[in-house]
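Knowing the structure of chain A, use the given hints to seat chain B on it.
Those protein sequences? They're chains A and B, same order as listed.
So the first sequence is residues 0 to 381, counted in numbering that gives the first Met the number 0.
So the second sequence is residues 0 to 401, counted in numbering that gives the first Met the number 0.
No lab work stands behind these hints: they were computed from the structure.
Taking lysine-lysine and the DSSO-like style, the derived pairs with C-alpha atoms no more than 30 angstroms apart in a straight line are:
#1 LYS364/A to LYS291/B
#2 LYS395/B to LYS308/B
#3 LYS324/A to LYS291/B
#4 LYS377/A to LYS257/A
#5 LYS327/A to LYS308/B
#6 LYS273/B to LYS284/A
#7 LYS82/A to LYS2/B
#8 LYS355/A to LYS273/B
#9 LYS172/B to LYS2/B
#10 LYS379/A to LYS273/B
#11 LYS268/A to LYS291/B
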Amino acid sequence: MVNSNANALGIIFPNSYDKTMPEMTNDRLMASIPFASRYRLIDFILSSMVNGGIDNVTIMVKENYWSLIDHLGSGREWDLARKNGGLNIVPPFAMRNQKVYGGRIEALVNILAFLKKQKEEYVIISDANIAVNFDFADMIQKHIESGADVTLAYANLEGPKTLPDTIESGRDMYYLVDLDVDGRVTDIKINRELSPGPHDLSMNIYIMRRDRMIELVHDAYVDGGIYFERDVLLRNIKDLHIQGYKFSGYFAVIYGMKTYYDESMRLLKNDNLDALFEGNTIYTKIRDDNPTRYIGDPKVVNTMAADGCVIEGEVENSILFRGVKIAKGAKVKNAILMQDTVVGENTEVRYVITDKNVKIGRDQKISGSQEYPFYVPKGKEV
Amino acid sequence: MAKEMVAMLLAGGQGSRLYALTQNLAKPAVPFGGKYRIIDFPISNCVNSGIDTVGVLTQYQPLVLNEYIGNGQPWDLDRLNGGIHVLPPYQKAKGSDWYKGTANAIYQNISFIERYDPQYVIILSGDQICKQDYSDFLRFHKEKNAEFSVAVMEVPWEEAGRFGLMVTDDNDKITEFQEKPKEPKSNLASMGIYIFNWDILRTYLEEDEADPESENDFGNNIIPNLLRDGRDMYAYHFKGYWKDVGTISSLWEANMEVLDPENSGIDLYDDEWKIYSRNPGMTGHRIGTEAKVENSMITDGCRVNGTVKHSILFAGVTIEAGAVVEDAVIMGGSAVRAGAVVSHCIIAENVEIGPGAIVGAMPSADEAGVATIGSGVTIGARAKIGPSAMVDTDVKEGEEKW
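Okay, chain A solo, but in the shape it has when bound (with noise of 0.2 angstroms):
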C-alpha cells in the first residue's frame, strides 16, 4: 500500500482536566470549550493530527459529551469522514455492576480489541485542552529513530502556581519531566510543587507502537492500574526506554478560568496569534454566518472578532466569537463573548467571560476583575 499517511493512529481524551473548570464544563467538556474566537479546544490537536497525516482518530469521550458529538458530526470538516479509519467516537461503557471508568488504563483497556485490528504501526496519545499546531509527523519521524518504546512531548514553561483543589492528587495535573544527556526521561513526578520558572512539563502527548501500547495497557490492567503516567510510564521507568521530545512552538493549555482567560488574552498580540496559526489550517465547524458589520463609527480597538457579529458599540481588548452583537453606547473592555452573546445598549462590560447566547440587557454594568475574570454561564439573560 501506498503511505502517503502516517502510519498512526491517534487517540484523544476529551474529558481530562474538566475539573478544572467546573463553570465552562457544567454541560460540556473540555475539548468543547470555545477558543480563539472561532474555534473549539479539541481542533487544535485534531487538526494538528489530520495536518500531520493521521486519518483514524478515536475519541474517548467519558460524560457530557453531547456538544462535542453536535460540534464533530461525521468529522467532515477535518476531513475524517472516510470509509476506512475517519473519526471514531467512543462512549463510555458501563455496566450494572461496573462503573464508568477513571483513568485512561481502564478507558484503553476497553477498546483493546479495537485496537488489534488497526492497522497502524503507531498510536499516539492526547489530551485536548491544548491549543496547539503540532507537527505529528516529526514527532512519528523522530520516535522512530529513536527506537524508543515511548516518546513524550514536553514543553519547557511555568507550572501552574496552585494545585486547583478539585483535582485529587495523583491524576489529572502536571507531570515534571527529569530527562538525562541524551533527553531520555529518567523520572516523572506528578503534581511536584514547583519553585518559581520554567521547568520541562510533560504535554500529556505519547506516541509508541501499537502492539506495545496494547501490552502495556493490559499488564497494567491486570497489575489495578488505572492512571496511564504513573501506572504504565512510572511504574516501568526503569525498563522503558521513554524519549523525551522537547515542543519550543507556540501553546497554551487550559486549566482552569484563570489560564483560560490568559490563554485567550494572549492571542491578542498579533505575534503569538501568527504563532499559533501560521503553521497548517485549524480546521473547525462552519456555521456561515456572513462577514461581520460595524455599524457607524463604534471605536474598535485590539480586538479579535469571528464572522457574523454586529457592533455598533464600543470594543476594546477583547474576543468575540460568532454571532455577537453589541448595541450602541455599549463598552466592552477586557472581555471574552462567546457565541451568539448580545450586550445591550449603554451597558458596560470589563473583564467578563460570556457563555454561548448570553443575553445582558441595557443599562447594565458587569465587571470582574483581570484575577478574577466574571463568568457568565451558558444562556443567562442579565
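The following block gives chain B in isolation, referenced to the frame of chain A:
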C-alpha cells in the same frame, strides 16, 4: 428517483466588461460581499428552495469555478442522488462543440437532465445577485398551469429599453416579447430565470438545434418560438433585490449596497435564507490598536490597523497602520501598506498596494469612476492610480496610471 425540478445554472459567462477581474476566472466566480462568490447566490437559493440537483454549465476559464464548487459540500449538495455537477462541453461520439449559446448549452446536456426524469427544469443565471425562493416561482408555474414561466422585475419605464421585456395580459399571461425595444410596451424585464415543463423544453431545444439559422439562445430563439406556437407562458413577478453585476460600477454598487441592508434590500444577515460559501479556514479578524473602522464589513483572517470607512474587506486582507481605505471593495489576500490611500475602487485578490500609493479617488463633479486593480497585481510605493483606471499589470514605484 425522479426529481420534481432540476436546476441548470448558466455559468459560462466571460464577463468581458469586468475585464481586469475576469482575466483568470469566469464571471460567476467573481468574489462578492466579503466572503462569497457571485455563484453562491443562485446555488444557495436552490438549496434553500429545496432543489438538490443542480447542473452548472461552464465554459470560459472554468478552473477556479471547478475547484470552488468541488463536490458541493459547502452548499450541502454532496448528495448520493442528485447534488451539484459541473458540466463543461465534452466530446461525443459524433464530434464535439463548444456551447454555442445558452439554449445549446442545455441541449448538449439533455442526457444529464434525463437521468433525473424531472417534471420541471429551472434555468438560472450565474451572474446575478439575488435572494429568491424558487419554490414560490414553481408554485406560481403550477397554479397557472404554465408550460413556461419567466421571472420578471418591474424596471423604470425610461430604462425599459435596455432589457428583454414581457408584455402580459391581466392574468400575467405573456402575449409578446420585446428584446431591447426602442418603444417599450411593458416595463417587465426578464431576469433570465425560467421554469419549463421538461417535455416542452426538450421539444423546443431539439427544434432549435435543428435550425441552422438559430443563435441557440433562450431570449432570441426559444422564447420567440414558444410565443409563435401560442404556448402557455406566464410572467412571475419578483419583488426582492436583484442586480446584474455585469459591469465594474454595478459590481461596486452592489457591494456597497450590502453595507446598507436596511435601505438596499440585500440582507446577508438573514438566518432564514443563508448564503453559503466555501470557507477559507482562517482565524477571526484582528482590529489593531491604531485602527478605526466605520460602517464596514470585515471577515475572517483580516488584519486591520489603519482606517477603514464604508468598505468591504474579504478574507485575509491586511490594512496597515496609517493606510486609509474608503468606499472600497478589497478582495481576499490583498494588502494595503502603510500610508496608502485607497478609495472608491475594486481591488481583486492577492493585490499588493505599496506604502504611500494612491488608488482611485472619491467621486467629484467630473469624475466618478471606480478604479479597478486586477488580481495578483503589485502597485509600487507612492504610485498613483487614477479614478477610472483598470490595471492588470504591475505598476512600478512612483509611476502614475490613469
